[in-house]
Amino acid sequence: MSTGKLAVRRFDAIVVGAGGSGMRAALELSRANLRVAVLSKVFPTRSHTVAAQGGIAAPLANSTEDNWHWHMYDTVKGADYLGDQDAIEYMCRRAVEVVVELEHMGMPFDRLENGKIYQRPFGGHTQDYGSNKMAMRACAAADRTGHAMLHTLYQQNVRANTQFLVEWMALDLVRDPQDGAVVGVTALEMETGELFLLQARSVLLATGGAGRIYFSSTNAFINTGDGLGMTARAGLPLQDMEFFQFHPTGVYGAGVLITEGVRGEGGYLLNKAGERFMERYAPNAKDLASRDVVSRAMTTEIKEGRGCGPDADHVLLKLDHLGPEVIMQRLPGIREIAIKFANVDPIRDPIPVVPTVHYQMGGIPTNFMGQVVAPEGNSKEAIVPGLYAAGECACVSVHGANRLGTNSLLDLLVFGKSSGEQMIKDMLSLPRAQRNLPKDAGENTRARLARLDAAASGERVPEVLNDLRRTMQAHCGVFRFPDDLVQGVSKIKVIAERAGRTFISDKSKVFNTARVEALELENLVETALATIVSAEARKESRGAQSRDDFPERDDQNWMKHTLWYKEGNRLDYKPVHLRPLSVETMEPKVRTY
Amino acid sequence: MKLSIYRYDPDKDAKPYMQDYEVTLDHGDRMLLDALVKAKAQDDTLAFRRSCREGVCGSDAFNVNGKNRLACITKLAELPEHVTVRPLPGLPVIRDLIVDMTQFFKQYHSIKPYVINDEPPPERERLQSPQERDELNGLYECILCACCSTACPSFWWNPDKFVGPAGLLQAYRFLADTRDQATSERLDNLEDPYRLFRCHTIMNCVDVCPKGLNPAKAINNIKEMLVKRAV
Chain A
1 MSTGKLAVRR FDAIVVGAGG SGMRAALELS RANLRVAVLS KVFPTRSHTV
51 AAQGGIAAPL ANSTEDNWHW HMYDTVKGAD YLGDQDAIEY MCRRAVEVVV
101 ELEHMGMPFD RLENGKIYQR PFGGHTQDYG SNKMAMRACA AADRTGHAML
151 HTLYQQNVRA NTQFLVEWMA LDLVRDPQDG AVVGVTALEM ETGELFLLQA
201 RSVLLATGGA GRIYFSSTNA FINTGDGLGM TARAGLPLQD MEFFQFHPTG
251 VYGAGVLITE GVRGEGGYLL NKAGERFMER YAPNAKDLAS RDVVSRAMTT
301 EIKEGRGCGP DADHVLLKLD HLGPEVIMQR LPGIREIAIK FANVDPIRDP
351 IPVVPTVHYQ MGGIPTNFMG QVVAPEGNSK EAIVPGLYAA GECACVSVHG
401 ANRLGTNSLL DLLVFGKSSG EQMIKDMLSL PRAQRNLPKD AGENTRARLA
451 RLDAAASGER VPEVLNDLRR TMQAHCGVFR FPDDLVQGVS KIKVIAERAG
501 RTFISDKSKV FNTARVEALE LENLVETALA TIVSAEARKE SRGAQSRDDF
551 PERDDQNWMK HTLWYKEGNR LDYKPVHLRP LSVETMEPKV RTY
Chain B
1 MKLSIYRYDP DKDAKPYMQD YEVTLDHGDR MLLDALVKAK AQDDTLAFRR
51 SCREGVCGSD AFNVNGKNRL ACITKLAELP EHVTVRPLPG LPVIRDLIVD
101 MTQFFKQYHS IKPYVINDEP PPERERLQSP QERDELNGLY ECILCACCST
151 ACPSFWWNPD KFVGPAGLLQ AYRFLADTRD QATSERLDNL EDPYRLFRCH
201 TIMNCVDVCP KGLNPAKAIN NIKEMLVKRA V
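Top line first, the protein sequences correspond to chains A and B. For reference, each letter of the first sequence is one residue, going 1 to 593 in the numbering used here. For reference, each letter of the second sequence is one residue, going 1 to 231 in the numbering used here.
Any given hint might turn out to be false.
[To be verified] Derived CB-CB ranges, DEER-like:
no. : chain 1 : residue 1 : chain 2 : residue 2 : range
1   : A       : P551      : B       : P80       : 51 to 57 angstroms
2   : B       : K67       : A       : D555      : 55 to 61 angstroms
3   : A       : R501      : B       : K106      : 39 to 45 angstroms
4   : A       : P431      : B       : K217      : 55 to 61 angstroms
5   : A       : N436      : B       : D26       : 51 to 57 angstroms
6   : B       : V227      : A       : P431      : 58 to 64 angstroms
7   : A       : Q487      : B       : K217      : 23 to 29 angstroms
8   : B       : K15       : A       : I339      : 57 to 63 angstroms
9   : B       : D26       : A       : R501      : 25 to 31 angstroms
10  : B       : H200      : A       : N436      : 55 to 61 angstroms
11  : A       : V8        : B       : D100      : 39 to 45 angstroms
12  : B       : H200      : A       : S63       : 55 to 61 angstroms
13  : B       : N65       : A       : P438      : 42 to 48 angstroms
14  : A       : I339      : B       : K106      : 48 to 54 angstroms
The set of hints was computed from the structure by calculation and includes no laboratory data. Remember, it's a predicted structure, so these values are computed and weren't measured experimentally. Quick reminder that beta carbons are idealized off the backbone N, C-alpha and C, glycines included.
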């Protein structure tokens, strides 16, 4: 069972990543009695879904009138009309189903007096197609919704006997040269340092986002875009990578997330004059406007000298007026974070906050059944056989140019499930036998590892990483300037070359975290290149991309998805799906809140 | 500041040893994890787990100056100038600060950590009053960091037979859930001289839990349920 020295293990399906979408998909696959292996760099409940706080969107209408049409409208508008309307309709129509299912699995949602799931308002979620009445659509477990959801999904996978390969890192996709079908992955068992070839009839990438390309980020250390790097190295494109969301409320100086649920419960932002400045930028939704809008407003306040503190470099999030009871009951985790990371008790004092990189709207291009699609021949969206992607690493695209809060956890459940369903369907229609592995399977991975093991000198990983993150922060931020972008592209290209010359002194086989970090750096580099090259090329402002030289949205020329290829940093474009599945197209309008 | 860190790489070391690191802190370094990351930047052979860096994922539990804590929410300002960091006690060391948690998770799995309700699910959510839901507070927040179980002498002695505080806290989480129907099966599974009754109320678990949870209280609640069932 080996190709050269590489040990081979065979499965029906491999899921790379054990966050919300990976575990939701694994549940479908395990219940269908398929041989599935879920790889994760960390024990499943350590995945970054655990850090989600405020809620998961579903129009249950438990507290306010609501329906999926309104949710769809809000999502299309929130996405600044770059989202695919078929995928958005699909997600919003399945929201109630997947959230109710999660409740049946044991999710400890907060409750209303009548026993139903508690729902709170969230940014950009409205009633009646964008009216000034907010919809209470965010189903919450206090401010630990992601933690509760991730543990619930893990628990169900324990029950379903899902096989986890814990502390394994996937390194490269293995493709059949005949038709490009994906037939497995190479993967490193961290404890032993052994490299394996994991063969499978289908592979789902569910590796999460890559917020670590920025210096100031709410993201965990593990969010290094591994699936994006694997996809890019396999010659497939990454879509809409210029759209990185800055969450308005990261703890000043620490970057730790403070949920938008704080503003959902009635908290608001103040500048140094004590003014509730969002009233000027978004007269209707105020502090509950979309995240891109709020982050730009905050940055403008700071830029124009109205920031708080001795350096006038942050604003304040006030919530003491909610009272200790609401804070203890609905926002206990936030209080813990504020005390630990900002030295303030929000029951008495406001929390210093700044916009902080949080979420990657772009990713691996897929359709709403999780199948990875890429241009081939006459088609802009030919299915790549055997490869699927879901969650933050995928671009379906339901979030377009800006994601609404609470739509990410929903994305994980809906597309985790639909990917699992599609994988089962595809496997049933295909011959049961595994394809033959290509002769050189795993050679590229082996070469990468051999270089790293042999290098006796070179660039140090933490230094290259630090330069990468600082460059992205300085050149591709909330507001983007043409010169910064152009310079940023050449700087990141230089950093990418340095990343190819890294050296580690740790040569041990056993749990070599230096090797893991060097391999992660390569994935971060692909992600950063995709992001800044795509951002430089897009000559308009839309959602999270705000250009100083092109301040307006340009639907004539730019209502299209970017596709970035690693080879030569080539760009391609494809149209946005403007036709929903069953309703009328939601036509682009000027976006105000 | 000075860090003394437990080092052991079975690939090259005959036995474990302590290594000292001198770390210069910057303005932005608040937590012990920041200092560990700096030490690793000096010496990439230092191995430890970490992820969320905000106390919710449970990766970076270590023994810090004799007490089990999460490095990412342990404030440097509250530590002395010289800090000793060792792996969690009682579990086999894989390398440096990384322990083998197999036994810990085996015990967690043994309590059937999932809601069991075999009735056909309703079309919408199962109802639960806010008061019933409140019963889960202080239980569901566990992050499985293992600070408690690896601070428990009973778990050190019988990690294969005693469920340990983390597993028992979760056992009670499902006993306390009004949606769960497997109460008697769960109690049967725990009524055993070792699985539950090795807890001697030493209370180390309560003392170390970085999330402020109280496994001892949950264990006591299970014992009470067993007594009630017997009479």
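Discussion item. Output the indices of the hints that this structure fails to meet, ascending.
Written reply: 7, 8, 11, 12, 13, 14
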